[in-house]
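Asks: This is what each chain is made of:
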Amino acid sequence: MTDRPVPISDSSTAPPAASDPGTAPASGSDDQLIFAALNQVGMARGRPLAPLSPAYVATPSDDDSRGDLRDTAPDLIPNYQLLREISRGGQGIVYKAIQKTTKRQVAVKVMREGPFAGARDRIRFEREIEILAQLNHPNIVNILDSGVVRRDSGQMHFFAMDYISGQPLDSWLADSSRSVDDILKIFITICEAVNAAHLKGIIHRDLKPGNIRVDGENEPHILDFGLAKTATGEVVDELDAQATPQMMTVTGQLLGSLPWSSPEQADGRISLIDVRTDVYSLGVILYQCLTGRFPYEVIGAIRDVMNNILHTSPARPSTVSLPGRARINNEVETIVLKCLSKERERRYQNAGELARDLRNYLDGAPIEAKRDSGWYVLRKKAVRHRALAISVAAITLAVVAGGAMSAVSWQRERAARIDAEAATLLAQQATAREAAERRRVEALFEFTKEVLASPDPDFLQGDNATGALRIADAAEARARKDFAAEPIVLADWLDNLGLTRLTFGAREDARKLLLEAFDLRTRNGASGRDLAASHTHLARALLDTDDKAGALSHADAASALLRSLPASEAQPDLFSEAECQGGVALRQLNRPAEAVARLQSAIQARRAANLPITNFDAEILASLSTALVAMGNVDAALEALRNAEPIVLALNGERNSRVMVCRANTARVLLVRGGPQDLAEAEATIRATLATNRSLLTPLNPTHPRLSLNLDILGQVLIQQGRWAEATEIGRASCRERV
Amino acid sequence: MTTPTPTPPTDAELLAKATGGDQPALVELLRRHGPTVRARIAGKISSIWQSMIEPDDVLQVTYVEAVMDIGRFQPRHEGSFLAWLTLLAENNLRDAIKELDRAKRPSPRKRVTAGPSDESYVALVELMGATLTTPSIQAAKGEIKTALDAALDRLPPDYARVIRLYDLAGKNIEEVCAEMGKSQGAVFMLRARAHDRLKQVIGTESQFFSRTS
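Heads up: the protein sequence lines correspond to chains H and E, in order.
Quick note on numbering: the working numbering labels position 232 of the first sequence as 232, and the sequence is numbered without any gaps.
Quick note on numbering: the working numbering labels position 151 of the second sequence as 151, and the sequence is numbered without any gaps.
Fair warning: there could be bad hints in the mix.
[Claimed, not checked] FRET-style restraints, in silico, Cβ to Cβ:
1) E:Ala-42 to H:Ser-165: 45 to 55 Å
2) E:Ala-42 to H:Glu-130: 49 to 59 Å
3) H:Asp-363 to E:Thr-146: 34 to 44 Å
4) E:Ala-169 to H:Ala-133: 46 to 56 Å
5) E:Ala-42 to H:Lys-185: 49 to 59 Å
6) E:Gln-74 to H:Lys-185: 41 to 51 Å
7) H:Leu-565 to E:Ala-169: 50 to 60 Å
8) E:Ala-42 to H:Asp-181: 49 to 59 Å
9) E:Ala-169 to H:Ser-165: 31 to 41 Å
10) H:Arg-84 to E:Gln-74: 17 to 27 Å
11) E:Ala-150 to H:Glu-130: 35 to 45 Å
12) H:Glu-569 to E:Ala-169: 52 to 62 Å
13) H:Asp-182 to E:Ile-48: 51 to 61 Å
Since the hints were made in silico from the structure, they are not lab data.
C-beta: ideal position from N, C-alpha, C; glycine also.
Chain E on its own, in the form it takes in the complex (with noise of 0.2 Å):
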């Protein structure tokens, strides 16, 4: 028995589907545009970064945050899905390049420590410039960096890697990459999200600290 090709679903009713959580159609919202986005991205890399991030680390990181954040998305016009990823796509290459460029001259205030310990985890949650209530960050680091791993647990794992190697364990850029198995750009790119993300978990998280005054 033949099964009738069926007529291909239009954007607005995949998008329909997707932002209610459908992730097939989300998928094939991806497949279907993500090409354009690369063409897109890929013109924008100038050739100095060329050798530092590809559009394939853009995007990669794009559809992570599609995935994440379409149940936010509001269509406002037919091409909305494709202007919107176009929009995560440029920005995070715009992080990435903004990252490379800084890397170039490397500033001491850039990184929150040269080693794990607990003072990392605070420094990196004041990097955050998530509000603490507690008066006593001293007191209260030992449920920071608990508090911290758990978030960090939160996180897609490239997301929560690149904190842990390159933020907390104070390992230099190029091991990094090395570790990863990514580019300089996508690293760079990776942990502007990650951070992110991790303002958003620990905004959450720092009601629950301790408070000794």
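Isolated chain H (complex conformation) (with noise of 0.2 Å):
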């Protein structure tokens, strides 16, 4: 300002008072106005890209208003006519300057003097030099000296380096002639740049649009790569060890670029900080520089803006484009949230490969980024807000089904899950708004995926299935309303739905929404995970409808996608399926060999992978028996059916289907393997077995159709044992209940 404030009271120049009214802590409403005054400074026309490039801040314009040298003589660096000051940071002061043997113009910092340039500070500048040194990019800033000045006040270290003309990248964009082709294209070499640092093993740390000059000639550099890390080297993360808790306790909050942070970074987890923290800022930066607006809320109390980075998943960029700037595609909205994913596994593994993506995607080519699937969506949501999900699923069940299930004990039953994360989110929980909203979506999807697709199938009998059955239709039309613009997720309904059918004995709807679900996920460009999941699925669903083939066909197609993923997207529980389903597709055509490796095989993905115990074990062990005893295998047939018992035991408690129809299977292979012993066994098998499923089922089904199995199971083992009287007797008994 020209005009400095003019006091109006004597007081406000003296020190505070012993009694000054000002002893309070900062509140969150002080952390909200300083947060804003900060975004305030930094923002460009509708561009909140701010407040934490200390370069820029103050600086109307970059190159105009800092035209002097403070207090700094020209001479203070030999063979360097410092011209005027730069930027100044917590580190140092960059000085533009002449270099004298050469008269080119040169950027020169010099580490801040005074009580904070410590011994760290000066092995943090040194670093710093050195990591430059490493890094030979036309986009990168390039290191041309470095030196100590003796002074009576002690020593001064320095460094020379390219001076930059041009502007800062966030200056650069406010052109607003600027296409998405353009910004990509600069992008493209921001992150090649970026890149060629990772491959060097140099973590960067701090990107953002202040650390991102754009010269006349539109080329991009990285500046700043004071907070810079290797990836290895014991030095370097001592370093960090001292440091980066310092950096969290001067204010008690990261905030030098928070908006810019990582996850790892913002949670302070200083050893997950690798290349996909780079990729993650960079993915930051594009959502910004396409749409103008950080990915998610930045100003505010900074532990709600660290919870954002954390936990918000970022607006869609689509939604929120610039004005007068073309929309932004698919493609590249995809592209842009595969960077922003929370997990570094979802990200690109490095700048170089999300390079490749964005010229892929301007070359027309396909790009290798696949939008998050919508269950990945919804399932990452419902494990934050749990105990509500849970809570609404359970009182829409009771509302409709009309006591399918007995509401009270099912959230009984389910509230042990709830934890304490999942408490203290719901305790965070924003507006009511997007409460209502969550509910609305996490309600359904909690109630098809917990509800209709798991339980018991006996209980989804007579007018408990038509209940069922109606909540199944309810959930369609809303899926189909809901999400008719989201073909992606309304595919993901489609097909969670056909598997619920699937439960529900109702095969042939099913089977149609399996293929519709395949269909739109293949004409929209569904994942190769997504993909393997409708195979999978359809196999199971043509297998129900007696289309062996077809399901093999479908079963394999599965097992090749799956087995084309990269390991770090590798789904065994899937591939176990598909090859399950191809198992059991092969033992019904007669392939009894081929069937037991393909089982053997999806045993051996669930083991590898070390996946918790499911009754999907046991079901693959109980098909991997009936393959054996068509092989003639009949001992190793046995040993499978008794190792699954005991799972389906654990899991579901004695009086229940699975393990039901696990002894009467033993039962028959008892009566297979023949011994008297095996017989005998047999017999007691299946008679504890039937009268188990008298009690379960009569009440559901008087005629359900394995009461009959059970009986001529028994009718069998007493024809073997040559008892004619009591096994015609048992024969009347399963025609009686046939009838």
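Work from the hints to combine the two standalone chains into their complex.
Replies: As structure tokens, this is what we get:
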């Protein structure tokens, strides 16, 4: 300002009195005001770019406003004529200068003197010099010289580097004539420069628009490696371990470049910082470049900002495009969102991959990034807000299904799964509107996923099945309405609802839904994982509708797709399911040896990935036993079933259909082996199973086919034992059951 | 592993860092002294203006000014930062009250125009008191508009917005308050600071305007 503030009372210039009412700690409101002020200062039109590049904060015009050297002597550094101060940061001051020997313009960074220029600062300063010396890339600022000047007050470290005329990236972007393609082109160059550092094992850790300068020929240059680290090196790690807490404790928050920070940085997980941290920051910058906004709110209390970085999904760039600039299309959006994944594993694994995908897009080639599936997104939300989703789903169930299952007992059962994290997150839920919206989506999700897709099929008979199918109908109608414009999400819903209908035995409906989901996914570029899921589910549906060859074909396609995924995206659970469906199809096609191999592959995939034991493990073992019997290896078949029974027993309890089916199968295999002890065990097993099945199934369906199947096995055991009269009586009973 | 609790840095240490461009240090200073300034300001808003301006309005602009000017601040004694921050705040409050008072007695010269046009841009530049060396403002007004737009883009967004709405679009104070979601006092205060900043930027821009002589 040209006019200095004029005091209106003498008290304002005096130090605070002892009774001064100012000892109260800063509140959330203070944080909000401060952060808003930082953003105000850093913003250009429509671009909350901010606060955090001290070099540019107070600089209306970077080249014009700081036209002096303050109190610095022009000949402070031998062989350099300092012209003016360019920027001033926590670590040092950068001057524009003339290198006297060459007469060329350079930038000279001088380490700050004073009480804070301790040994650690010197090490950090020297590290920046070493890092810059390692990097020789046209788009990374080039170091020219370094040295130490001895003065009365001590040593002063400096280094000289290229002077990049031009403007910071954010100013460059302020020109609204830049097209999306212009931005992507320059961004590819930026990524390649960052990748050059990555290839040398150097992580920048402080990428932001203020650290990227665009010269007059639209060439970007990466600046300021003052916070960079090498991926390996004990000295550096030790420095980080010292420096980061200090940085954190100055204000209690990591504020330096918070809006561009990755989740692992915001969370203070230093050990997780790697090249993918830079990929995240690049994603934030790209998002800003394209939309003029941050991916989430970065104005407000710092704890809220950190929470947003850690948990808030970015708003879709296509919905927040800059006015006057072309709308962001799906592929660019997918690329940006992949960079911004909260999980490092789901981002591009280095800046080079990001550059390559951007080039793919510009060249009209298929991009490598795939959009997160709707289920993945919903699952993430559901994990965060599980308690809420569960309770709403329970209420929905109780109201709509009219007692297909006791909502109270169901809720109680699920309540055990509500952990402290979910409760905390629930407490942090944002506005009432957001909560309502979240409930709407999550209730539907939880409801279909948790209630319809995985109950004991025996409960889904008669009126219960009718009630539950009505819910499935409602869910389908709602999904078709809500996700009409989101074919990939709709496909996720239809896929899941198809599985639900399979569970209910509505096989033809299931097949149609699964086919529709498959078609939607194929036409809309779904991920390999989602396509493989569709193939697998279709295989299951086709087996149920007796199309064995079709089922095998889909299972083979699923397995092949899943084998082609990179190790980082492996889906062992889905792969084992595909292998299992393939194995069952092969057995039904009378190719038992191949069936056994596929089923053993399914088991091996689950073991290798150390997946938790589920009912599906038992299902694979049961299928394996059938194939082994077909091969004549009855002992191995029996062993498979004896391995399966403890699994279903532990997971489902004694009075459960899965346990009953497993025991009936065991009796059947014992019957095949046919020794006297086998037959005795088979009889005892099938009689106990029959009794339990009668108590379980008769109230639901007195003619349940499993009852007559049990009687058939018992009759055959009795015939093998030569007990004809008893067998005849059992045969009559079986007929009665069927009627 | 637990991190030992560090000794909090003193004001002098933080100030040395903050004036050197260390933003976390500045934030910490603002967090330390903001509540004191708020309390001091609250005591200076007389009852007749309390419905028009709140201490947080003053602090908001004060923090913006502090962030922009910390690099020029030269501490002289231990309480310097608090005194400086208080000074900024009181200056803001004083300007707000001055404008609120003036608004009770509307003057036709208060506004540069009744609607947005090239003329309004030229009038605003004149209002700023910028030295225009061009003898023919008429010939240069297109350039003035372009330059002023560029200058406004360099201001904090709230500053630019208040000028665009109030000075250039000619909206009345109530409309501006409604659009910006701020009190009258806050809007007047923003405008005063926005004019200060705009003068600075125009000062450097105006030398590039056309000279038709």
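Asks: Any hints this thing doesn't respect? Which numbers, in order?
Replies: Every hint satisfied by this model.
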